[in-house]
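J.: Below are the chains, spelled out letter by letter.
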Amino acid sequence: MARTLRSALLLAPSAILIGIFLIGLVRLIASSVLIDGQIDLHHYVDIMNRPDYIAMLGRTLRTAALTTFFCLLLGYPTAYYVARYQGNRNILLLLIIFPWLVSIVVRSYGWVVILGPRGLVNGFLMWTGMADRPFKLMYNDFGVVMGLVHVLLPFMIIAILSVLMQISRNLEEASMSLGGRPFYSFRTVLLPLSLPGILTGVTLVYLMSTGAIVTPLLLGGLGDTMIGTEIFQEVMHFFDYPKAAALATVLLVTAMAVVLPLQVLERWLSKRLTDGAPS
Amino acid sequence: MIPRYIGIAVLLFLPMPILIVVLSSFTSAGYLSFPIKGLSLRWYAEFLGSADWLRVLGTSALLALIGAVVSTGACFAAAWAVVRHKIRFGATYETILLAPLIFPHAAIGVIMIVTLSSLGWLGTFSGLVLVHCILTIPYAYRPVAAALRKSDAALEEAAASLGARPWRTFWMVTLPAVRPGLVTSLLFTFIISFDEVTVTLFLVGPFVMTLPVQVFSEVLESASPIIAAVSAALVLFTSAMVFILDRVIGIQFFVERD
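Taken in order, these protein sequences are the chains called P and H. Sequence positions in the first sequence follow this note's numbering and run 30 to 308. Sequence positions in the second sequence follow this note's numbering and run 127 to 384.
Do not take every clue at face value.
If you only want the chain H side, here are some residues facing chain P, beta carbon under 10 Å, derived [claimed, not checked]:
no., residue
1, Pro230
2, Val257
3, Ala303
Just so you know, the hints here were simulated from the structure itself, not pulled from any lab data. Given the structure is predicted, the values throughout are model-derived calculations rather than measurements. C-beta atoms are modelled at their ideal positions from N, C-alpha and C, and glycine is treated no differently.
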């Protein structure tokens, strides 16, 4: 009995903190559907009836999908390279971890300096005479996806790398020594084993790109909004909290629709892979 | 062969924008441009001479410090219950502690507005402390629980059977064993809290402001190179933290699974 009480006391601080968060979550959803104590869906009806909101949702999903795709395309080979690197791997890890821990404001701002009208790329193009006036490299989808890929790529690399580091190099070598060509042994041995890492990375990058505010705002401007920047505007400029709550709920639902199935799949795969492995 | 080329290119690409911000902070021009127009430290002088910026820096540091201590403490207690007391549904509780990770930041921002305004804490320092404690819980739990799992409970029993009082055992046996985990958690959560923007920007107000949010609103409104100098200071600070983390536990920690 004393032990149960002690356990409860030990759990209390963290339970209170997470509890406050979960209560906030319920209240958020409630505040978007309850008006003066009555259930009223008109914020959602408003959202669905406005073509600019539908376009904004489409742009959010497209941007998130593109960002996730490019992060995977660049992140997997990088993780593979680092996992199989023979020399001092810590230096390579540092090149991933350090940018990851630098504030996203600073990193997005770096892209403003690079892509801006007086930035690195335009400066170079005008100096060489390849352009006589600056190209519009930001305040469009290109700038936003570029910035998001850069900001979120470390999450993908770290997720895949932590799985690849556990997979013995011998497995690949065994497959190749039995006559499998590199791509064949990748597809049949390495890829299935590293799938949990891919799923974790995809989940994180998708989640963080749908809910991003800072990078889309700095590199995309206020014009073509994504759902995060739209929420930001509703709160900071129009003080329309119920609308913001409805948009945040829409964001939650779209994120969960992708994230939960991926998480379940990841758990199932990890369990299957560890159960099968000799320990 | 192909992974190698992509890998090298990506590893050079990741630090590049950060490097460019740092380099552009040394400009002598009154506007931001790259390559810079002449070398000077005037923007650093302006940053360090501005009471406003220094106050915001102080707020961020204090916020991160309190947040790191509280969430590391809360997680250490929780990990003790889960690992040592082997409570029922321990694994489920661990999953619940990770919950803040699977919500998009913009949505967490609105959730926190709702929470803080019901407490009357919107735009206050206490409000930011509460939110940063919640946000850093998932990052604090992992290193602390891993350290506790690795430490040997038999040593504690040995100390107790030799007559050491519980507190003495904790102080002399347990704490030294889990210290790397605690330090890692403190540093890691400190960085996460110190750099947090997306959620915090909804919760600041006229009386309280954090450094990254201030940088963010300055970038939106002006192109003054002072932002580059402040950012360079943030980068320097993060480098120091990464260096200490590497010393304490090794950078490998971030890519290890438990």
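J.: Could you work out which earlier hints the structure fails to respect and list their numbers in ascending sequence?
T.: 3
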